[in-house]
Amino acid sequence: MRPPGLLAALIVFGAIGLLETACQTGLLQHSVVLPPSEIAASLWNILQSGAFNRAIFLTLSNIFITAALAIFFGFVVGVLLHSVSYLRAGLEPFLASYYAIPTFIFYPVFIVLFGVGSASIIAISVLLAIVAMITATLSGLDRIPIVLRKTAKVMRLNTLETAVSILLPSALPYLVTGARLAIAYAFIGVIASEFILSGQGVGYAISYAYNNFDNQTMYGLILLIILIVVGTNMLLDAFDRRQPTQTARNR
Amino acid sequence: MRNLGPPLIFLVLLLLGWDVLHLQIANGSISSPREAGARLVALMSGARFWADVGETGFAFVIACLLSIMFGVLIGVGLGLSRLATEAFEPILVTFYSLPKVILYPLVLLAFGLGASAKIAFGVMHGLVPMALLTRNAIAEIKPVYLRSANVMQLDGFATLRLVLLPAVLPELVGGMRIAFSLSLLGVLIGEMFAAKRGLGFAAMNAMGLGDINTILAIGLFLGTFSVLANVMMLSVERSLRHVHSNSVTQAA
Amino acid sequence: MDDVSHQVSARETGEQAIIAKLSGVTRDYPAARGAKPLHALGPIDLELKQGEFFSVVGPSGCGKSTLLDILTGLSPPTAGTATFEGKRIHGVPDGVGVVFQEDATFPWLDVEANLSFGLKQLQLSARERQDRVEQALRIMGLVGFRSAFPAQLSGGMRQRVCIARTLVTQPRLIVLDEPFGSLDQQTRLLMGDELLRIWRETGATVFFITHSIDEAVMLSDRVGVMSARPGTFIDMLETGWAQKRDSRNVADPHFGKLTGQIWGKLRGEALRQMQLQNDVAL
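Going down the list, the protein sequences come from chains A, B and C.
Take the first sequence: its position 200, counted from the start at 1, is 200 in the numbering used here, and no numbers get skipped.
Take the second sequence: its position 40, counted from the start at 1, is 40 in the numbering used here, and no numbers get skipped.
Take the third sequence: its position 167, counted from the start at 1, is 167 in the numbering used here, and no numbers get skipped.
For the record, the hints were derived by calculation from the structure and aren't laboratory data.
Glycine included, C-beta positions come from ideal geometry on N, C-alpha and C.
Any given hint could be a false lead.
[Unchecked claim] When the alpha-carbon atoms are kept at most 20 Å apart in a straight line, the in silico DMTMM-like pairs for lysine to aspartate or glutamate are as follows:
id, chain 1, residue 1, chain 2, residue 2
1, C, K120, A, E161
2, C, K244, C, D193
3, A, K153, C, D94
[As the list claims (entries may be wrong)] Computed, partial: chain B to chain A, Cβ under 7 Å:
id, residue
4, P105
5, L188
6, M192
Whenever a hint applies, use it, and build me the whole structure from the sequences.
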């Protein structure tokens, strides 16, 4: 049995090797694509010099706040919609088509409401991330087997005990999936907002470097983002695997 | 749709909330639904708006078709081979959770400014979910369907056409719905900072001018379009499933 | 008051005491959107004797599970009264354990934690708690699986976990709703033997719902036969088995006679129920 992800990692390293050769042999022009080794060196310099430390910190803390808000309020809204079926019937068609609307275009509205800066970016990104959490909470609650609710009654648990020790653990796999999606969307929302709209953060730094033909910085920062996303994913994967196996369960 | 009442009431509440925002919180600097509606009507009577819609629509249709086509192909490939799944699924999942805007410089390098870059950007958003959903649909085909096809002595093509395709069709339509939404999003984002035409550019332009009224009008247009399209696709999906509800219960 | 005098009189006459009693119990479902009101069950009269093994057979859809819900206090009857140990049933009474047809193990807990979860509500010392869990693990043959998670177990093993989780509370009435419904025939027979052994060892009263005539006859002291919807008892048979019995009694000619007798009563009802369900579907 191969460890999970080994094959994928080999492919990625192979691709990096190919790119490196293509660059070093002059197949790809240096003015267009930097060889991976140079990108890595550039990232190292960026981190060592600390020139972007403030931008990186700002972006990451905005992502963290966004993810936390989206997960919390997404869960609360999901529970609310699940318990009031009329609300749910009203909202569901909109939830389904939500992702086709580029939330970013409403940035000016948020600037009026929250002012220029992090608050507006966080608001937009929460709006992007929260729907994934709402949807996941709904499907998690939908899939709690009726027999478990009955079991709670037989064990004479009260409402709070039932929610905490039966309903929540039963829906947890779905909630974890929703939280992971919300985190992914928090990354996408914050960095895209910075890139497109604002004058702050890593997203903006990439856009700025691109406009000034500063390939070193641009590629270095792109690599940084990719590494952070991959690292976050691996961390969450490891956390996922520590959960007891809940799959392979007949309905 | 089974029940239009609740969504319509929600819509009315949404408009009311917007109006309250207009009146109270922002001192009128956010235009009212009526103003935005009037602006949209004004936009829609001009040729420029429809040129933008055409521009965006063209790129979107191509991006959506490419996402679905290649998404299904990749999904089938993954679905048929465990090895391919093991090798490529983690890469696709990571790519899906990446903020794809940061790759925009690379897309511009490869495609240059213009329609092809927007399309590429749309495909980057729509392709991966289509592929992953197709893979899941294939993985969940019951083996007994294939064995039944064998017993009925269907050849490979007939099995594909008469058994496999109908079996995965509802899931595929679900995937197409997501690919539809996300490739539209990709194209619009692409237009926002690397185009001189299209609805994304028009919105970005209005943003630069601080013209909230136009932004809200464009948002209204896009929102209406995608909600209607999604509701249609959802009802197709439901009718393909041939059941009234998800749970056909059997009373003991 | 009522139950005290009742128990005394039972003891005086040398009869078995009554542990649970249903009188005139019915269940109607009100008219929902697009559906007519439904008379689903009853009237049912039943006296469960202390320590007996009682089974209910009936066509599927006849209201067996509704009967279970009423007896265990999971939902109230529309009319009539249900009592357990002389007290009106409101909610699940103390001393009643239920094993459902569906897998009710908690997938996020291992086997041992699943069992001790059942004891959460009881005020027990840690020592007593551990003793009861160990005992239930031993009785159900789960000692080697104490730290396995349900997803790692077969359907039969998971159902053992559910039975063990009920046993730890030491119920005086064990109610089972087709607990072996999803198991294969041989596993069913063996699980039936285990259930008989537990019944003898604990002295609990067992109320067993099944659609299998064989299973009802093989296990029970008394079998209640239910009609098509609205379900009522159309027959009540004493099997006359000795207390110490097991699945090998299927080879007894008496077994064939009893099952034949029940099927004779049930066949028409099953046909009628099938007709009812087709009417609903079309």
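Verification of the supplied hints:
Between the alpha carbons of C/K120 and A/E161 the distance comes to roughly 10 Å, so the proposed pair stays at or under 20 Å and holds. Note on C/K244 and C/D193: the hinted pairing holds, with a Cα-Cα distance of about 10 Å set against a maximum of 20 Å. Distance hint between A/K153 and C/D94 is fulfilled; the C-alpha atoms sit about 11 Å from each other, no more than 20 Å. For B/P105, the suggested interface contact is upheld, since its CB lies about 5 Å from the closest CB of chain A, less than 7 Å.
For B/L188, the shortest C-beta to C-beta distance to chain A is roughly 5 Å, which falls under 7 Å, so the interface hint holds. For B/M192, the shortest C-beta to C-beta distance to chain A is roughly 6 Å, which falls under 7 Å, so the interface hint holds.
Figure legend: structure checked against the earlier numbered hints; every hint is met.
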